[in-house]
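The listed protein sequences correspond, in order, to chains A and B.
The numbering of the first sequence is the numbering used here, which starts it at 21 and goes up by one.
The numbering of the second sequence is the numbering used here, which starts it at 21 and goes up by one.
If you are wondering where the hints come from, they were derived from the structure by calculation, not from laboratory data.
Check before you lean on any hint, since a few could be wrong.
Stated by the list, open to error - Anything over 12 Å on all C-beta distances counts as not near chain A; from chain B, calculated:
| hint | residue |
| --- | --- |
| 1 | Arg-26 |
| 2 | Thr-33 |
| 3 | Ser-38 |
| 4 | Met-42 |
| 5 | Leu-44 |
| 6 | Arg-60 |
| 7 | Asn-71 |
| 8 | Tyr-72 |
| 9 | Asp-130 |
| 10 | Ala-144 |
| 11 | Glu-148 |
| 12 | Ala-162 |
| 13 | Leu-185 |
As the list claims (entries may be wrong) - What follows is a list of derived Cβ distance ranges for each label pair:
| hint | chain 1 | residue 1 | chain 2 | residue 2 | range |
| --- | --- | --- | --- | --- | --- |
| 14 | A | Arg-83 | B | Glu-23 | 48 to 58 Å |
| 15 | A | Phe-132 | B | Asn-71 | 49 to 59 Å |
| 16 | B | Gln-35 | A | Ser-118 | 56 to 66 Å |
| 17 | A | Ala-204 | B | Asp-163 | 22 to 32 Å |
| 18 | B | Ala-56 | A | Met-189 | 38 to 48 Å |
| 19 | A | Thr-54 | B | Ser-141 | 14 to 24 Å |
| 20 | B | Ala-56 | A | Asp-78 | 22 to 32 Å |
| 21 | B | Ala-198 | A | Ala-206 | 44 to 54 Å |
| 22 | B | Arg-28 | A | Glu-86 | 53 to 63 Å |
| 23 | B | Leu-25 | A | Glu-200 | 50 to 60 Å |
| 24 | B | Ser-141 | A | Asn-48 | 35 to 45 Å |
| 25 | B | Asp-82 | A | Arg-101 | 46 to 56 Å |
Quick reminder that beta carbons are idealized off the backbone N, C-alpha and C, glycines included.
Number of protein chains: 2
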Amino acid sequence: MSEGLRERKKRETRQRISDIAMWLFVTNGFDNVTVAEVARAADVSVNTVFNYFSTKEDLLFDRQGEVEDLPSRVVRERRPRESALQALRRDFLDALDSRHHRYGFHEGSDAFTRMVAESPSLNARIREMNAAREQALARTLADETNADPDDLTPAFAAAQICAVLHRLMTHAVQRMLAGEDLNAIAPDLRRQAERGFELLESGIGDYCAGPRSAPE
Amino acid sequence: MSEGLRERKKRETRQRISDIAMWLFVTNGFDNVTVAEVARAADVSVNTVFNYFSTKEDLLFDRQGEVEDLPSRVVRERRPRESALQALRRDFLDALDSRHHRYGFHEGSDAFTRMVAESPSLNARIREMNAAREQALARTLADETNADPDDLTPAFAAAQICAVLHRLMTHAVQRMLAGEDLNAIAPDLRRQAERGFELLESGIGDYCAGPRSAPE
DNA sequence: GATAAATTTTGCAGTGACACCAAATTTGGT
DNA sequence: ACCAAATTTGGTGTCACTGCAAAATTTATC
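With the hints as extra help, turn the sequences into a complete structure.
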């Protein structure tokens, strides 16, 4: 056996703290629950909580590593002859159709979503994760294209892509928070996503090019 | 006279606190200076500091309103027959050429830049401001194009644009922090900026479309 | 120019996230 | 059972920030 009692207890304790924290945060709101309360509910000391999770936000975003690597991995594992953008569009639409949670689509996560949306510090964390995603994707794109390290093209592309993905995810969240059911908005969401990827693909050069007041 | 003694003193106090805080932060690092130290140096109580500035970060980003509205305003005030993207490119390159600080180009701001870059909380604030810029620009684009409120196109365009602008600014900052002189990097920066806007204009559809391993 | 009203400043007490450290507890190996 | 290593805990402290009530100051009133 590769796991002694020590390891198991550690894992269990960590899981217990994480679970209880999640429950408390979702039911009471992230900012209305103190770390001390989490500790008490989990029957450990505050120090123990901070032994496992270095910040209060980490109690929720524990597995952030995967999520930060997602677009990067999709590009890395794209099909032969598929462009980065094609791969990302495919993966995004697949996730939408199958209600996979990797881009935030998941029924019944209303309470969780609401909690995140309502907390400024968690919003900040979301933005941080998006920045990390962008950086990871930029590195991957640079690798895949054997780009000159001084060339910002991969960074630009990554930034644009992540920006659009972030918009799509945020939009879905907002509508779900407004009470709309995921199934109800999925078709429109799909249309919007296609539009977003189309803009990425063909550019926005001719967007907002008309005269400023009253179109003819 | 429209300004009594009370108003003048308020303005002076606020300015004094802000100036002293800036000085202390730049010379010692944002995270190495406490609000109490700022208060003592400005000869006021901690509470007075918080009377004027609601957070420690606000001691620096006071005039953030203008900066958040910048791209939005550029689009609003663009020349006749100019597209949103053309206006933004023109404004950005103008700022670069004239070393205007509105996009962060300014010689001698090394210490300030370094301080911001070194503080996690200030980085978070930068991201926040970027998000605000994006939102403002999205609203403006929606207005200018009389877009359907359910259409995400303006939001997508704003997100892409702000992402590229942010990349450009961050890149410039990083190189300046690496010790390069602004005059030395300006030509390359200009080239990168043109590349970035070109990508925005024409899209990244054919980017990273080749075979994954070893180009032929 | 004394006084009252409005406003600003201050002191004080408290909260909550988090750091640091030394003591106590638990576990693994013998 | 015993020792060393890892884990947990309590205590103590810092810092941003809040709320409140008592000064201090400016302005308006007579």
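The hints, checked one at a time:
no. : hint                                 : in the structure
1   : Arg-26                               : holds (33 Å)
2   : Thr-33                               : holds (28 Å)
3   : Ser-38                               : holds (23 Å)
4   : Met-42                               : holds (23 Å)
5   : Leu-44                               : holds (25 Å)
6   : Arg-60                               : holds (29 Å)
7   : Asn-71                               : holds (21 Å)
8   : Tyr-72                               : holds (21 Å)
9   : Asp-130                              : holds (21 Å)
10  : Ala-144                              : violated (5 Å)
11  : Glu-148                              : violated (7 Å)
12  : Ala-162                              : violated (10 Å)
13  : Leu-185                              : violated (9 Å)
14  : Arg-83(A) to Glu-23(B): 48 to 58 Å   : holds (57 Å)
15  : Phe-132(A) to Asn-71(B): 49 to 59 Å  : violated (37 Å)
16  : Gln-35(B) to Ser-118(A): 56 to 66 Å  : holds (57 Å)
17  : Ala-204(A) to Asp-163(B): 22 to 32 Å : holds (28 Å)
18  : Ala-56(B) to Met-189(A): 38 to 48 Å  : holds (41 Å)
19  : Thr-54(A) to Ser-141(B): 14 to 24 Å  : holds (21 Å)
20  : Ala-56(B) to Asp-78(A): 22 to 32 Å   : holds (28 Å)
21  : Ala-198(B) to Ala-206(A): 44 to 54 Å : holds (46 Å)
22  : Arg-28(B) to Glu-86(A): 53 to 63 Å   : holds (57 Å)
23  : Leu-25(B) to Glu-200(A): 50 to 60 Å  : holds (56 Å)
24  : Ser-141(B) to Asn-48(A): 35 to 45 Å  : violated (26 Å)
25  : Asp-82(B) to Arg-101(A): 46 to 56 Å  : holds (53 Å)
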